[in-house]
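2 protein chains.
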Amino acid sequence: MSLHFIAGGAGFIGVNLAAALLDRGHQVLVADDLSRGTREAMAPLESRNGFSFVEVDCSDPDLIDAALGDRQIDEVWHMAANSDIPAGVADYRVDLRQTFLTTAAILDVMSRRGIPVIHFASSSAIYGDHGDRAIFEDIGPLQPISNYGAMKLASEAQLRAAKEAYLERVSVFRFPNVIGVPATHGVILDFVQKLIRTPDDLQVLGDGTQQKSYLHVSDLIGAMLHIADRNEPYAVYNIGPTDEGVTVRFIAETVRDAFRPAAQIHFGEGNRGWVGDVPKFRYSVDKLMETGWTPELGSTDAVLRAVREIVAQEAP
Amino acid sequence: MSLHFIAGGAGFIGVNLAAALLDRGHQVLVADDLSRGTREAMAPLESRNGFSFVEVDCSDPDLIDAALGDRQIDEVWHMAANSDIPAGVADYRVDLRQTFLTTAAILDVMSRRGIPVIHFASSSAIYGDHGDRAIFEDIGPLQPISNYGAMKLASEAQLRAAKEAYLERVSVFRFPNVIGVPATHGVILDFVQKLIRTPDDLQVLGDGTQQKSYLHVSDLIGAMLHIADRNEPYAVYNIGPTDEGVTVRFIAETVRDAFRPAAQIHFGEGNRGWVGDVPKFRYSVDKLMETGWTPELGSTDAVLRAVREIVAQEAP
Chain A
1 MSLHFIAGGA GFIGVNLAAA LLDRGHQVLV ADDLSRGTRE AMAPLESRNG FSFVEVDCSD
61 PDLIDAALGD RQIDEVWHMA ANSDIPAGVA DYRVDLRQTF LTTAAILDVM SRRGIPVIHF
121 ASSSAIYGDH GDRAIFEDIG PLQPISNYGA MKLASEAQLR AAKEAYLERV SVFRFPNVIG
181 VPATHGVILD FVQKLIRTPD DLQVLGDGTQ QKSYLHVSDL IGAMLHIADR NEPYAVYNIG
241 PTDEGVTVRF IAETVRDAFR PAAQIHFGEG NRGWVGDVPK FRYSVDKLME TGWTPELGST
301 DAVLRAVREI VAQEAP
Chain B
1 MSLHFIAGGA GFIGVNLAAA LLDRGHQVLV ADDLSRGTRE AMAPLESRNG FSFVEVDCSD
61 PDLIDAALGD RQIDEVWHMA ANSDIPAGVA DYRVDLRQTF LTTAAILDVM SRRGIPVIHF
121 ASSSAIYGDH GDRAIFEDIG PLQPISNYGA MKLASEAQLR AAKEAYLERV SVFRFPNVIG
181 VPATHGVILD FVQKLIRTPD DLQVLGDGTQ QKSYLHVSDL IGAMLHIADR NEPYAVYNIG
241 PTDEGVTVRF IAETVRDAFR PAAQIHFGEG NRGWVGDVPK FRYSVDKLME TGWTPELGST
301 DAVLRAVREI VAQEAP
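These protein sequence lines are chains A and B, in that order. According to UniProt numbering, the stretch in the first sequence is residues 1 to 316, in order. According to UniProt numbering, the stretch in the second sequence is residues 1 to 316, in order.
No lab work stands behind these hints, which were simulated from the structure alone. By construction, the Cβ of each residue, glycine as well, lies at the ideal position given by its N, Cα and C atoms. Hints may contain errors.
Stated by the list, open to error - Derived Cβ-Cβ restraints for the label pairs, each shown as a range:
1) S111(B) / H185(A): 20 to 30 Å
2) Q264(B) / Q72(A): 43 to 53 Å
3) E244(B) / Y234(A): 19 to 29 Å
4) Q72(A) / Q203(B): 35 to 45 Å
5) R113(A) / G268(B): 28 to 38 Å
6) T300(A) / D207(B): 53 to 63 Å
7) S52(A) / D74(B): 48 to 58 Å
8) D286(B) / D70(A): 47 to 57 Å
9) S2(A) / G292(B): 57 to 67 Å
10) D91(B) / A87(A): 25 to 35 Å
11) R24(A) / E244(B): 46 to 56 Å
12) R169(B) / E168(A): 41 to 51 Å
13) T198(B) / S111(A): 31 to 41 Å
As the list claims (entries may be wrong) - On the chain B side, residues computed to face chain A include the following (Cβ under 8 Å):
14) D108
15) D132
16) P141
17) S146
18) N147
19) M289
20) T291
For reference, chain A alone in the conformation it holds in the complex (with noise of 0.2 Å):
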């Protein structure tokens, strides 16, 4: 039995995976600010078996190392980052304190324990738009166009050189669009407080012909913890459904129809719906298939079963 350290753990990702971890028989230490994650999210945690809990701003290292006592910590995962990307364009200062000097702040406290191990959920924003191009993981040039994408880059960067001086084992995990519960952020929980507000009348940015793939949080659990067994030195995949994704139309009409089925939809113009924001995206992942994963949903049925999710925690 182990001791996992979950960064950023009171987040969306975050409570799922320490979900995942108790089930497996470890222990996991969850450390959050609260800033976005809350205790209101953790509450099915707490009462199981090895689960703690410490609140702490892990981009501070101090703070970090004082919050880990003598605690033996076996494996670090940092989920920690700002996740509100339009809030990290606004104020540049967001994506670099939150989504990058907790990598800074993490990886320092790793070099003083001697903590060998880190997952770190990067995003699939670091690639940037490459048009027609499929994106595997070794393309290039990467060109993140947006704060969040350049401060996870940026943390990818500074795990390879760590990796280099001290660490005996990363993963990183290119995100995709994750949707799930708890929402705390998204498309599909925007689009349902909307229906909350007004009733009858669902107002899209854009045009609604973007599209985007999406992985349930129960499939992202699944290929993190997947690759992570395989114990390589250095592991670098994409993760997401296999299919190209679904257009904002199909999500505004399958949350429409599943809670306010008699509301309006009324559509913007162009097809981003802010800065940074690219409109598709032809996502690879065929190396993590070649390693024996598969998705159980596609981005039809994720998004299905998150509209599902999602109404029935805003709305119970």
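With chain A's structure known, arrange chain B on it following the hints.
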């Protein structure tokens, strides 16, 4: 006549760049915290028309902004960085603050003030070890093995996102090993200083077979101005000589012959001098050559000239 701001302008590259910009009739404002650059290095610039200097920590946007006062900056040249790779290996905070947070701070100030153009000194160290593959600008994956290279890559990532949001024009120069005066670090200076301390004996780290290409700073400045003059919206270029370089043995012998002909050279073992030092490197400058640029000096001539200059600097 326009005003060019050089961050880190009291360093080796910065003072050579400042002189070249003054030669072109521009005004030049150098900012430097003098942690590595010196007033002595700027002495030949002080009396020239259009030159001014402010002592400021370029990792703090408020300090930069205050130092700029009501000056209207037309173009920024970001040359501020830790240039001591082993120092960054020993303490990641050195490269974090001096190499990366300078980029974040400078971009912050540019955003606030609407300064539209930046030229950035990146590095071949962003690529890492690619074995026998030729290193073109768009190669992947990027796998820096030093904190220095990681923080240069992190800086490029942030520049790319800033270009999407508010910058008009960006140049990214991926520097090779650059030699010349005023030398503040590097293998030639190291050997000359060793021979000042122990005139009969030169101890060399590694077995001397390590091979690198070197560009003389005069060719580097020429290449930077050549690229900047092309006015590309987002220019990324490797800069370097066209040869595959010279060995450490050649450099040691050249320094010995020029400075202490009777000294004995003693080599160590292995072909890596320190963590983060890539043994051999097939760095392609084809993209730059195709724009009509050629270096005046190959690695051999660059070393011969720099050795003379650095010997004169250290033992005048």
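Taking the hints in turn, this is what the structure says about them:
no.	hint	verdict
1	S111(B) / H185(A): 20 to 30 Å	24 Å, holds
2	Q264(B) / Q72(A): 43 to 53 Å	51 Å, holds
3	E244(B) / Y234(A): 19 to 29 Å	28 Å, holds
4	Q72(A) / Q203(B): 35 to 45 Å	41 Å, holds
5	R113(A) / G268(B): 28 to 38 Å	32 Å, holds
6	T300(A) / D207(B): 53 to 63 Å	60 Å, holds
7	S52(A) / D74(B): 48 to 58 Å	55 Å, holds
8	D286(B) / D70(A): 47 to 57 Å	56 Å, holds
9	S2(A) / G292(B): 57 to 67 Å	59 Å, holds
10	D91(B) / A87(A): 25 to 35 Å	31 Å, holds
11	R24(A) / E244(B): 46 to 56 Å	51 Å, holds
12	R169(B) / E168(A): 41 to 51 Å	43 Å, holds
13	T198(B) / S111(A): 31 to 41 Å	35 Å, holds
14	D108	7 Å, holds
15	D132	16 Å, violated
16	P141	4 Å, holds
17	S146	6 Å, holds
18	N147	5 Å, holds
19	M289	19 Å, violated
20	T291	18 Å, violated
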